[in-house]
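Colleague: Given the coordinates of chain A, work out where chain B should sit on it, guided by the hints.
Protein chains: 2
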Amino acid sequence: MLKATVYVTIKKSVLDPQGVAVQGALRSVGFQEVESLRIGKYMEMTLDTDDRAVAEERLKEMCEKLLANTVIEDYRYELED
Amino acid sequence: MLKATVYVTIKKSVLDPQGVAVQGALRSVGFQEVESLRIGKYMEMTLDTDDRAVAEERLKEMCEKLLANTVIEDYRYELED
Chain A
0 MLKATVYVTI KKSVLDPQGV AVQGALRSVG FQEVESLRIG KYMEMTLDTD
50 DRAVAEERLK EMCEKLLANT VIEDYRYELE D
Chain B
0 MLKATVYVTI KKSVLDPQGV AVQGALRSVG FQEVESLRIG KYMEMTLDTD
50 DRAVAEERLK EMCEKLLANT VIEDYRYELE D
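Quick mapping for you: the protein sequence lines, in order, are chains A and B.
Heads up: the first sequence runs through residues 0 to 80, numbered per numbering that gives the first Met the number 0.
Heads up: the second sequence runs through residues 0 to 80, numbered per numbering that gives the first Met the number 0.
In case anyone wonders, no lab produced these hints; they're calculated from the structure.
One or more of the hints may lead you astray.
Pairs count within a copy or across copies, as identical chains cannot be separated in the list.
To be verified - In silico BS3-like links for lysine-lysine, alpha-carbon gap of 25 Å or less: (1) K59 - K2; (2) K11 - K40; (3) K2 - K64; (4) K64 - K10; (5) K64 - K11; (6) K64 - K40.
Here chain A stands alone, though its shape is the one from the complex (with noise of 0.2 Å):
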């Protein structure tokens, strides 16, 4: 059993509108001093399988196919025990 976490985060070159919402909105309750913001999507996610080298090309399948939209958004992943 591997625990993976992956991160998907809109490319820098890439308006992100949610993250300039946030940055909005924390502004208007006083948090000045933010100068910008973000916002990607974190995965948690248990594999059964004990083999980080099958593992890691499984993740990477999986973020090619399903999790990333690889036109507008990076991708990366770790793996722990």
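Modeller: Quick look at chain B alone, frame taken from chain A:
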């Protein structure tokens, strides 16, 4: 200028329908090894301050007031320079 990362996750005891849906989608396209999956939010921000203690205090306030619903969500944050 400090860079902060905020993670907001649904509490372990609370059902995560979005995670269940994504897990189902992954299984339906052949990723049977996904045993469990939970989704959270991930925010990267830059703060216009150089005082780490102040920044930590303010981040805590932001999370409590706006970024997380502490009834059903947990949050944690990391600070880097």
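Colleague: If a hint holds in the structure, say so; if it does not, say that too.
Modeller: These are the hints, each one checked on the structure:
1. K59 - K2: within (15 Å within a copy, 27 Å between copies)
2. K11 - K40: Classified as both; 15 Å inside a copy, 17 Å across copies.
3. K2 - K64: Close inside one copy (20 Å), not across copies (31 Å); limit 25 Å.
4. K64 - K10: Cα proximity of K64 and K10: one copy only (17 Å, versus 28 Å across).
5. K64 - K11: within (21 Å within a copy, 27 Å between copies)
6. K64 - K40: Cα proximity of K64 and K40: in one copy and across copies (16 Å, 21 Å).
When held up to the earlier numbered hints, the structure conflicts with none and fits them all.
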